[in-house]
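Asker: With chain A's structure known, arrange chain B on it following the hints.
Number of protein chains: 2
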Amino acid sequence: MKTNDAFDVSSELAIGIDIGGTNTKFGIVNHRGEISNPGSISTDQFENVEDFVNELYNDLMPAIEKAGGMEFIKGIGVGAPNGNYYTGTIEYAPNLLWKGIIPIAKLFSDRFKKPCTLTNDANAAAVGEMMYGAGRGMHDFIMITLGTGVGSGIIANGQLIYGHDGFAGELGHTIIRPGGRLHWGTGMKGSLETYASATGIAITAKELLDERINEPSLLRSIKHEDITSKNVYEAAIEGDQIAQEVFKFTGHILGEALANFVMFSSPEAIILFGGVIKAGNLLMDPVKESMEQNLLPIFQNKVKLIFSELKESDAAILGASALVWEFK
Amino acid sequence: MKTNDAFDVSSELAIGIDIGGTNTKFGIVNHRGEISNPGSISTDQFENVEDFVNELYNDLMPAIEKAGGMEFIKGIGVGAPNGNYYTGTIEYAPNLLWKGIIPIAKLFSDRFKKPCTLTNDANAAAVGEMMYGAGRGMHDFIMITLGTGVGSGIIANGQLIYGHDGFAGELGHTIIRPGGRLHWGTGMKGSLETYASATGIAITAKELLDERINEPSLLRSIKHEDITSKNVYEAAIEGDQIAQEVFKFTGHILGEALANFVMFSSPEAIILFGGVIKAGNLLMDPVKESMEQNLLPIFQNKVKLIFSELKESDAAILGASALVWEFK
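If you're matching them up, the sequences are chains A and B in order.
Quick note: the first sequence uses my numbering, first residue 1, plus one each step.
Quick note: the second sequence uses my numbering, first residue 1, plus one each step.
Derived by calculation from the structure, the hints in this document are not laboratory data.
Possibly wrong hints are sitting among the right ones.
Claimed, not checked - Straight-line C-alpha distance at most 20 angstroms; calculated EDC-like pairs for lysine to aspartate or glutamate:
{"hint": "1", "chain 1": "B", "residue 1": "Lys304", "chain 2": "B", "residue 2": "Glu292"}
{"hint": "2", "chain 1": "A", "residue 1": "Lys114", "chain 2": "A", "residue 2": "Glu50"}
{"hint": "3", "chain 1": "A", "residue 1": "Lys206", "chain 2": "A", "residue 2": "Glu238"}
{"hint": "4", "chain 1": "B", "residue 1": "Lys302", "chain 2": "A", "residue 2": "Asp165"}
{"hint": "5", "chain 1": "A", "residue 1": "Lys304", "chain 2": "B", "residue 2": "Asp165"}
{"hint": "6", "chain 1": "B", "residue 1": "Lys230", "chain 2": "B", "residue 2": "Glu312"}
{"hint": "7", "chain 1": "A", "residue 1": "Lys113", "chain 2": "A", "residue 2": "Asp59"}
{"hint": "8", "chain 1": "B", "residue 1": "Lys74", "chain 2": "B", "residue 2": "Glu326"}
{"hint": "9", "chain 1": "A", "residue 1": "Lys66", "chain 2": "A", "residue 2": "Glu55"}
{"hint": "10", "chain 1": "A", "residue 1": "Lys114", "chain 2": "A", "residue 2": "Glu12"}
{"hint": "11", "chain 1": "B", "residue 1": "Lys189", "chain 2": "A", "residue 2": "Glu289"}
{"hint": "12", "chain 1": "A", "residue 1": "Lys189", "chain 2": "B", "residue 2": "Asp240"}
{"hint": "13", "chain 1": "A", "residue 1": "Lys66", "chain 2": "A", "residue 2": "Glu50"}
{"hint": "14", "chain 1": "B", "residue 1": "Lys302", "chain 2": "A", "residue 2": "Glu91"}
{"hint": "15", "chain 1": "B", "residue 1": "Lys302", "chain 2": "B", "residue 2": "Asp285"}
{"hint": "16", "chain 1": "B", "residue 1": "Lys189", "chain 2": "A", "residue 2": "Glu292"}
{"hint": "17", "chain 1": "A", "residue 1": "Lys223", "chain 2": "A", "residue 2": "Asp240"}
{"hint": "18", "chain 1": "A", "residue 1": "Lys99", "chain 2": "A", "residue 2": "Glu47"}
{"hint": "19", "chain 1": "B", "residue 1": "Lys304", "chain 2": "A", "residue 2": "Asp165"}
{"hint": "20", "chain 1": "B", "residue 1": "Lys278", "chain 2": "B", "residue 2": "Glu326"}
{"hint": "21", "chain 1": "A", "residue 1": "Lys189", "chain 2": "B", "residue 2": "Glu292"}
{"hint": "22", "chain 1": "B", "residue 1": "Lys114", "chain 2": "B", "residue 2": "Glu71"}
{"hint": "23", "chain 1": "A", "residue 1": "Lys106", "chain 2": "A", "residue 2": "Glu292"}
{"hint": "24", "chain 1": "A", "residue 1": "Lys302", "chain 2": "A", "residue 2": "Glu312"}
{"hint": "25", "chain 1": "A", "residue 1": "Lys302", "chain 2": "B", "residue 2": "Glu91"}
{"hint": "26", "chain 1": "A", "residue 1": "Lys302", "chain 2": "B", "residue 2": "Asp165"}
{"hint": "27", "chain 1": "A", "residue 1": "Lys99", "chain 2": "A", "residue 2": "Asp59"}
{"hint": "28", "chain 1": "B", "residue 1": "Lys114", "chain 2": "B", "residue 2": "Glu65"}
{"hint": "29", "chain 1": "A", "residue 1": "Lys302", "chain 2": "A", "residue 2": "Glu292"}
{"hint": "30", "chain 1": "B", "residue 1": "Lys230", "chain 2": "B", "residue 2": "Asp240"}
Unchecked claim - Here's a subset of chain B near chain A, in silico, CB distances under 7 angstroms, partners left out:
{"hint": "31", "residue": "Ile41"}
{"hint": "32", "residue": "Gln45"}
{"hint": "33", "residue": "Asn157"}
{"hint": "34", "residue": "Gln159"}
{"hint": "35", "residue": "Phe167"}
{"hint": "36", "residue": "Glu170"}
{"hint": "37", "residue": "Asn260"}
{"hint": "38", "residue": "Ile298"}
Remember, predicted model here, so these are calculated numbers, not experimental data.
Glycine included, C-beta positions come from ideal geometry on N, C-alpha and C.
Next up, chain A with everything else stripped away, as it sits in the complex:
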């Protein structure tokens, strides 16, 4: 009865795709959250989205054949910036070359002849964390991704919060300093992303270097416009005062924002994710202190502040693929 294997749920597979502004990562995922044949292509080499979909098809086909063929693939799950779960479209994503409204789910399902589901990349990562990572067993948590930008995914009552239009969870764009720092992309002032992203950390460093012009710093050996959050981290662990101050300032603001989020959905945990968390306690100590200070007593000393347990590149692939298991 070997032919029946195709109908065995345990051998059902999903394709998970994580579209980022620079790179797109993909893999074939089973029900246990194991990724086989992972791969990656540059997103920004494709001005035309159809070429991008074709390239992914060509890259994935050998892996699909190796896994037993297309009949084992239940569907495709995609995480993408500004990805809309309800419409299957990417809408006005500022970090992608494809402008306007892109019917990405339809493009994939037409090419692969399989159903495709789409969500925001940070939402996909939150689902991945709930199914396979630090959020396992939790019904209420908020995932915050601290990378080039600040993204988020909110789980409440054991479900991802999509909002009425599929765009819930844009916490990086909430205003935490009214009239504050200008956002390079949105034109808004004082949003969390302008402070707590890698980009924001580099800006804070430059501002502090300018303010304290007479204070020595390891960062002064780097050309101003080339300073990255990684440089700031490296200087901070060398004991550089200005670099350490940058993390204190960042942590203070991020902690205030997290306190506001806690008073919204009262999560069991906030799970932090993304390149910026490599700063570890340099960032986490001031974040925790500031968050607790800004919470009402009923919320204090309850919320776990933890790091993602998934490889950064895996979370969104796993989360996107997990949406495939929900197909009826």
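Answerer: Chain B in isolation, oriented as in the chain A frame:
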């Protein structure tokens, strides 16, 4: 077969109780959301919570008898400040005389010999609005109560968001002006409640009167400490410049806060409720303008900003009683 009426679902009734710092309102509610025998007692005349429960029992019994007797009552639903859905306890409510942790659901169920469910008063109002008011048919909305304080209830994916501990939705305590106005009760600085509540509106008026000491205002005929938000409203509709400025300032800050909330859960509507909304467009025009200005383009001109459709005293009774229908 008259005796079978007791088992007819359409004649099932629930007791709804809305505990406020000053008054407690109650009534008997049917499945259509009709309240019979409404009543009210002063909450703050009872230093002892058992006396309070007894008084409610004595007040409700005649109405219960009139409705056919205790066998028609399915259970009791209670909304109360700091009411915890999971534990059935009121925990450290600053505006109630009963301090610490009060097992209010158990006290009611012991006295009435009926199951009792508890939630936060603002959460109960949100459920009432979803079942019988302006939120009918909506799966995602945020209810903001603007009264002496600022409360909130959040509906997402068609469910009330309780959070892991039952305390979700304390949006009045989110910080909207870091380092801003000191809260009279919590000691926090710059929370939404310090600006957008009736109390906050009166404070803003006093501050503006002090700042513009040479500018005439109708409000100068009232003793400073006696100024209420109602006085400010009345002066504003008379054309008083300072009073109108108070509503502009309040609306501006509230709109910013609402924009942040929208970017959290992307609701179809924000439903405003409570005494402060009597100000109508004086408040709503600046709120709407400021909210839209602070939203990312993907959220703009989508969110309905509407008023509650329920009588203020009814919403929490209806919402609390609605929780009773969920009893298995």
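Asker: Work down the list of hints and note, for each, if the structure agrees.
Answerer: Hints, one by one, checked against the model:
1. A threshold of 20 angstroms between alpha carbons decides the hint, and for Lys304 (chain B) with Glu292 (chain B) the separation of about 11 angstroms falls inside it, so the pair holds.
2. Distance hint between Lys114 (chain A) and Glu50 (chain A) is fulfilled; the C-alpha atoms sit about 16 angstroms from each other, no more than 20 angstroms.
3. For the hint linking Lys206 (chain A) to Glu238 (chain A), the alpha-carbon distance of about 18 angstroms falls within 20 angstroms, and the restraint holds.
4. Distance hint between Lys302 (chain B) and Asp165 (chain A) is fulfilled; the C-alpha atoms sit about 9 angstroms from each other, no more than 20 angstroms.
5. With a CA separation close to 13 angstroms, the supplied pair Lys304 (chain A) and Asp165 (chain B) stays within the 20 angstroms bound.
6. At roughly 17 angstroms between alpha-carbon atoms, Lys230 (chain B) and Glu312 (chain B) fall within 20 angstroms of each other, so this suggested pair holds.
7. This hinted pair checks out: Lys113 (chain A) and Asp59 (chain A) have alpha carbons roughly 16 angstroms apart, not beyond 20 angstroms.
8. Distance check on the hinted pair: Lys74 (chain B) and Glu326 (chain B) sit about 10 angstroms apart at the alpha-carbon level, within 20 angstroms; holds.
9. Distance restraint check for Lys66 (chain A) and Glu55 (chain A): the Cα-Cα separation of roughly 18 angstroms lies within the 20 angstroms cut-off, and the hinted pair is therefore satisfied.
10. Note on Lys114 (chain A) and Glu12 (chain A): the hinted pairing holds, with a Cα-Cα distance of about 13 angstroms set against a maximum of 20 angstroms.
11. Straight-line distance between C-alpha atoms of Lys189 (chain B) and Glu289 (chain A) comes to about 16 angstroms, which keeps the hinted pair within the 20 angstroms bound.
12. For the hint pairing Lys189 (chain A) with Asp240 (chain B), the CA-to-CA distance comes to about 32 angstroms; that exceeds 20 angstroms, so the pair is violated.
13. For the suggested pair Lys66 (chain A) and Glu50 (chain A), the alpha carbons sit about 25 angstroms apart, so the restraint of at most 20 angstroms is broken.
14. Restraint check: the Cα-Cα separation between Lys302 (chain B) and Glu91 (chain A) comes to about 15 angstroms, which is no more than 20 angstroms; the hinted pair holds.
15. Of the supplied pair hints, the one linking Lys302 (chain B) and Asp285 (chain B) holds, its CA atoms being roughly 16 angstroms apart against a limit of 20 angstroms.
16. For the hint linking Lys189 (chain B) to Glu292 (chain A), the alpha-carbon distance of about 14 angstroms falls within 20 angstroms, and the restraint holds.
17. Our distance criterion of 20 angstroms between C-alpha atoms is met by Lys223 (chain A) and Asp240 (chain A), whose separation comes to about 17 angstroms.
18. With a C-alpha separation of about 10 angstroms, the suggested pairing of Lys99 (chain A) with Glu47 (chain A) holds against the 20 angstroms cut-off.
19. For the hint linking Lys304 (chain B) to Asp165 (chain A), the alpha-carbon distance of about 13 angstroms falls within 20 angstroms, and the restraint holds.
20. As the CA atoms of Lys278 (chain B) and Glu326 (chain B) are separated by approximately 33 angstroms, the hinted pair breaks the 20 angstroms bound.
21. For the proposed pair Lys189 (chain A) and Glu292 (chain B), the alpha carbon gap of about 14 angstroms is at most 20 angstroms, so the pair holds.
22. Between Lys114 (chain B) and Glu71 (chain B) the CA atoms are separated by roughly 10 angstroms; this keeps the pair inside 20 angstroms, and the hint holds.
23. Under the criterion of a C-alpha separation no larger than 20 angstroms, the hint pairing Lys106 (chain A) with Glu292 (chain A) is inconsistent with the structure, at around 45 angstroms.
24. Note on Lys302 (chain A) and Glu312 (chain A): the hinted pairing is violated, with a Cα-Cα distance of about 26 angstroms set against a maximum of 20 angstroms.
25. Proposed proximity of Lys302 (chain A) and Glu91 (chain B) is supported: the alpha carbons are some 15 angstroms apart, at most 20 angstroms.
26. The hinted pair formed by Lys302 (chain A) and Asp165 (chain B) meets the criterion: a straight-line CA distance of about 9 angstroms does not exceed 20 angstroms.
27. The suggested pairing of Lys99 (chain A) with Asp59 (chain A) is violated, with an alpha-carbon distance near 24 angstroms, which exceeds 20 angstroms.
28. Proposed proximity of Lys114 (chain B) and Glu65 (chain B) is supported: the alpha carbons are some 15 angstroms apart, at most 20 angstroms.
29. For the suggested pair Lys302 (chain A) and Glu292 (chain A), the alpha carbons sit about 9 angstroms apart, so the restraint of at most 20 angstroms is met.
30. Using a Cα cut-off of 20 angstroms, the hinted pair Lys230 (chain B) and Asp240 (chain B) holds, with the two alpha carbons roughly 13 angstroms apart.
31. Here the hint on Ile41 (chain B) is broken, as its CB sits about 27 angstroms from the closest CB of chain A, past 7 angstroms.
32. With a cut of 7 angstroms, the hint placing Gln45 (chain B) at the interface with chain A is violated, because the nearest CB-to-CB distance is about 26 angstroms.
33. Interface restraint check: Asn157 (chain B) against chain A, minimum CB-CB distance 5 angstroms, threshold 7 angstroms, status holds.
34. Proximity of Gln159 (chain B) to chain A holds as hinted, the smallest CB-CB distance being about 5 angstroms (cut-off 7 angstroms).
35. Contact between Phe167 (chain B) and chain A, as hinted, is supported at the beta carbon level, the nearest pair being about 5 angstroms apart and thus within 7 angstroms.
36. With a least beta-carbon distance of about 4 angstroms to chain A, the hint placing Glu170 (chain B) at the interface is held under the 7 angstroms criterion.
37. Residue-level restraint check for Asn260 (chain B) holds (minimum Cβ-Cβ distance to chain A is 4 angstroms; threshold 7 angstroms).
38. The closest approach between the C-beta of Ile298 (chain B) and any C-beta of chain A is roughly 5 angstroms, which is under the 7 angstroms cut-off, so the hint is satisfied.
Hint compliance for this structure: hints 12, 13, 20, 23, 24, 27, 31, 32 are not met, and every other hint is.
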